[in-house]
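**Q** The lines below spell out each chain.
Number of protein chains: 2
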Amino acid sequence: MSDPHVIIIGGGFGGLDAARALAGAPVRVTLLDRHNYHLFQPLLYQVATASLSPGDIASPIRWILRRQRNVEVLLAEAKRIDLEARQVVIDGVEPHAAPELGKATSLSYDYLIVAAGSSHAYFGHPEWSEYAPGLKTLDDAIEMRRRVLLAFEAAEREPDPAEQRRLLTFVIVGGGATGVELAGALGEIARKTLRQDFRRIRPESSRILILEGGPVILAQFPPALQQSAREALERLGVEVRLNSIVTGVDDRGVLWRHAAGGAAPGAPPPERIDAETVLWAAGVAASPLAQSLGVPLDRAGRVATEATLRVPGHPELFVVGDLCALKQDGQPLPAVAQVAKQEGKCAAENIRRAIAGQPLKAFRYRDYGTMAVIGRGSAIGVVAGVKLAGLFGWLFWVSVHIFWLIGFRNRIAVFSEWAWAYFTMQRRVRLITGDRSWRGSD
Amino acid sequence: MSDPHVIIIGGGFGGLDAARALAGAPVRVTLLDRHNYHLFQPLLYQVATASLSPGDIASPIRWILRRQRNVEVLLAEAKRIDLEARQVVIDGVEPHAAPELGKATSLSYDYLIVAAGSSHAYFGHPEWSEYAPGLKTLDDAIEMRRRVLLAFEAAEREPDPAEQRRLLTFVIVGGGATGVELAGALGEIARKTLRQDFRRIRPESSRILILEGGPVILAQFPPALQQSAREALERLGVEVRLNSIVTGVDDRGVLWRHAAGGAAPGAPPPERIDAETVLWAAGVAASPLAQSLGVPLDRAGRVATEATLRVPGHPELFVVGDLCALKQDGQPLPAVAQVAKQEGKCAAENIRRAIAGQPLKAFRYRDYGTMAVIGRGSAIGVVAGVKLAGLFGWLFWVSVHIFWLIGFRNRIAVFSEWAWAYFTMQRRVRLITGDRSWRGSD
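Chains P and S supply the protein sequences, listed in that same order.
Here the first sequence is numbered in my numbering, starting from 16 and rising by one per residue.
Here the second sequence is numbered in my numbering, starting from 16 and rising by one per residue.
Among the hints, a few may not be true.
Copies of the same chain look alike in the list, so a pair counts if it fits in one copy or across any two.
[Said to hold, decoys possible] Derived lysine-lysine pairs resembling DSBU-like cross-links, with alpha carbons at most 35 Å apart:
| no. | residue 1 | residue 2 |
| --- | --- | --- |
| 1 | Lys360 | Lys207 |
| 2 | Lys207 | Lys94 |
| 3 | Lys94 | Lys402 |
| 4 | Lys151 | Lys207 |
| 5 | Lys207 | Lys376 |
Since the hints were made in silico from the structure, they are not lab data.
Quick caveat, the model's predicted, so the values are computed rather than measured.
From just these sequences and the hints, can you work out the full model?
**A** As structure tokens, this is what we get:
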């Protein structure tokens, strides 16, 4: 009899660590992902803001797992899970060049780890996505970079001062870590990187706003660090607007209203901000794959698991990462890389135990710390209970992120990019590529 | 009276060197390009074959020229030239994110340097372009990389052995420098880079063919070096087919016939090669902009200039680079970077002379050498009349190309990529990105 077959859906932090933790286990593993690369998502905003190349923060999943002989990697999208038949229905994702990938097939499993993650959520307004791209994949980051750089180019060509101001206005929706990091990087681009590049516009006159619906930015950090981050943002010229709910996004800008106002009669009408570039950093939605499971989901569409990460009533099914709704000490676990990695490892360990007939262990998250970077030489964080800020926080952030990056080569490349950028204040990857109308020319 | 206005169309080797050579001259310069970056085109095949990142071989034109105060850079496409009115009609190129760039405008000039280059030519069959992408822009290179990597992924998922063979067949049309360099790099990817990555296919069993219409590959090199290149290609498993004319390209492969056969009655019908991936390296066509000039063009659509690079009858109009048809000692000058750079400089010098009322000088090309690289540790070249081959040729090629690259930072990045790749035989940038159906997801 052959070894039990474990399918892992998703090659992000959760899925990849689950696959690695099954090295040497008496199982056959198949890891599915829609992309051929594992992405170091915490640094994706640096691709979107022209500091790093896509290749610096992504590695082919096959390559990462090339020496682990019990793993097979498939470039495929999981379309549906049939819990009864214990099958994953897969489909191709890139019909353009290789229609063969488009054939739908079913794969049978003995154990399934769902690590399918999350995507952007537009609060029920999918039509906003066209005007306000989010940041989940490399293609998203290249699109953001394209829009940001094109806005400056368009402003340089624009004779009308009002329109020029609109072109140089950047709105970031959401004041979490991604929103703050994007805003800080945009502030640096406008005030430092592009200083000498233009003749008709002054990039440093750009307006950069964060619209945050809640009463604070970086809600997961202590108030003192929130304050420190806010001051660092303001030094870069970023306006932070709290309690500001976005009620509309179109090709000319955004509409927003104060959170207290509501839609009550007599409340002031939403205000408009004219902006060419709107970046979405406001929320995530669980992968729609969860719905095909037919198991109870929470309001955010995530799967409620046992503390062992197993789904009640389905001893062969584990859910990890952003898709897993698990509370610890009464608090929901945050949707961050560290939680996903530790959960992936735990799910793998529990599959080993299940095969060996041992009792499963309960997942326990160890919080090593949370950080956010605002700009060159400026970051905040709480690490092992200690608060960090400013240059020291930034140096710590740099070390940790280089250490975490997958692959020796990526570490060297990213380190040298950052060192160069730190001293020159330049961003090397200011390329406008990824035109959506690509075609072979003649 | 303000300084005369010089417009340069194109930020490639010719246009960029013309702009630089006008530093400090009593002129206002406007440089137009459709892209925001200057591309080091001789290394584009390394992006297409996952060795280098786009950011390694491209730099923003604004950044390169940021300190030259008499130059203004515009991201714009020159649509038409009105020689009578001395105007260039420009248009935007990126209508998606910044519709403002789409406004057509006219710019007046006193002097015009046309350095608009060339694009792929499909021998009158533009419909082939969909199936056989060429290599001119970064987006082209990312598309090639996507197709090559997807072909291996599709083969891994394909149960039918015949179809698997088709997926692992790569046809390169054209045996010039680009075709040979692409084929050599593909041979290395199949035989070295991907060796450990797959479980069901053996990438080293891939078939890689060069179809060359003429009787030799690398026609510009001496026969001994052609032979040496051919042997190096064969060591990498590349099949070279000479005198092989492509008569059709579709989504299943290519049709070809022997050059001697012709379409004569009784000639054997074209043969089919089943291949998923067809890469076009066969020919270039002059930029269609030349047609709008209304001046005599040669058969290839290029502008016949005087030896001063000036167009007869138009003392204010200069043409340089691939678009310029100039002969030296009875031989047409090749469409290579060195010719374009030297012509750009000469045109700028002649504009300075024209303004100063001095006689113009005739262009004289100094051939510093030509090289082509076949793979790791293997290149051929003729430099100052000396033939180079093998490892020594490769080391020379590496030094020269790093020296030529624009920007200190790019040099370091490319050097470290190559050093790493040389010792590990890996290619770091194996990312499948640039899906044409990009859209913000929800």
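**Q** Hints broken by the structure, by number, lowest first?
**A** 3 and 5
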